[in-house]
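2 protein chains.
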Amino acid sequence: MVLKYYYDLLSQPSRAVYIFLKMNKIPFEPAVVNLGGGEHLTEEFREKHSKFQKVPFIHHDDFRLTESVAIVRYLAREYHVKEHWYPQEIRAQARVDEYLEWNHLNVRAGCARYFFDKLMGPMMTGKQPSDEQVKKNQKAMEKTLTDFERIFLSSEAPFITGTEISFADLQAACEIEQPRLAGYEPRDHFSKIKTWLENVKSECQPYYDEAHKPLEAWLKKIQKKAAKL
Amino acid sequence: MVLKYYYDLLSQPSRAVYIFLKMNKIPFEPAVVNLGGGEHLTEEFREKHSKFQKVPFIHHDDFRLTESVAIVRYLAREYHVKEHWYPQEIRAQARVDEYLEWNHLNVRAGCARYFFDKLMGPMMTGKQPSDEQVKKNQKAMEKTLTDFERIFLSSEAPFITGTEISFADLQAACEIEQPRLAGYEPRDHFSKIKTWLENVKSECQPYYDEAHKPLEAWLKKIQKKAAKL
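Keeping their order, the protein sequence lines are chains A and B. If you use numbering that gives the first Met the number 0, the first sequence closes out at 228, no skipped numbers anywhere. If you use numbering that gives the first Met the number 0, the second sequence closes out at 228, no skipped numbers anywhere.
Certain hints may be false.
Stated by the list, open to error - Footprint (simulated), chain B over chain A, 3 or more residues, beta carbon under 8 Å:
| id | region |
| --- | --- |
| 1 | 60 to 69 |
| 2 | 73 to 79 |
| 3 | 89 to 96 |
| 4 | 104 to 110 |
Unchecked claim - When the alpha-carbon atoms are kept at most 30 Å apart in a straight line, the in silico DSS-like pairs for lysine-lysine are as follows:
| id | chain 1 | residue 1 | chain 2 | residue 2 |
| --- | --- | --- | --- | --- |
| 5 | B | K142 | B | K81 |
| 6 | A | K126 | B | K220 |
| 7 | B | K135 | A | K134 |
| 8 | B | K117 | B | K138 |
No lab work stands behind these hints: they were computed from the structure. Just so you know, these numbers come straight off a predicted model, no measurement behind them. Ideal Cβ positions, reconstructed from N, Cα and C, are used throughout, including at glycine.
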């Protein structure tokens, strides 16, 4: 069976699933979707590839699946990946699920909104957000990062659910890398997040850096442009 | 083992899990948390009950779990509930998961924000939202309900994943009932949603009505108050 993975490495969950695939040596055909170019928004794309019109998604022969968490849960069972990445044991799985479900309206919503309103929105519309809006978004993001440290990084354990890395760590880390593009470095404000990010990163080399290469390149471009002003 | 279920029926996912428990005849000790009274926000609650400070959550003897989707996935395996509610077969499960993951930042975010900004926020702060804000939220909610019909109710099947009901239907239905409290009835604008809601409701009686009793009572109170003005 052929697994085709559709993604854009500038999308946070696309990076998380990409690292998961690579770390688990799951063979796949890469299919890059250029979100910036709006490729996913066409009628043709909707018919031919995905009615959800977003990434990441997979085609596993004739089986199409969207949503990063659903994809990882599916792949973990289809490919029998190592237990720690997505446990099959009931309680251990529930602990990973608890983070993955909490993530959507907390870490993801907080970090992605800050990034979108401050960088992506203005790039698309040419309209800058008000200072008040940026401050409000920053406050909401900092609230969620504070909650994240308090709820999930409160023990001395190196990862969210304990001594071993799981997909929950990948999902969280890839979201928390994103606001750097809009000028906010969570590492400078949250010491537990800083240490934990180092753990995730060093556990997933060389794929962590590989997945974040387009983000780092974009960051350099932004910094260069800012230096010229 | 004792299963203690903490909930408030005015919370959408609390209702969904409540109906799931009742339909599957899973015995539980009910523990009502009064969200309106702010009971969940105290330090004592955080220590004693849940560091997440939200509902629903369960205590299954010494095992504590938050997040409705994580809870249902856990209970489905612990109690061997009927396959259609939350399938164990890999692809059928992935289809239910796909909706449940999509739900957070789409149906839930859209409907809950409309409800919160128009009704809950003003009740808590005494400050009314601007017309512009209400309109913006309504537009976002209608976009997500349009997507919901297009992506998940496009076939002639009575439920989200086909001929049988799953937890995805409960989760979606309980969210879509909520904006009525703020004066918006999705049934009046979306005919496929209207038919599908009838299917979900009639499949889950008497528990659907039982779970929505506090919502209906609140709605009557609001309408009575409005009639007096």
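Review point. Tell me, which hint numbers fail for this structure?
Key: As far as the earlier hints go, 5 and 6 are violated by this structure, in ascending order.
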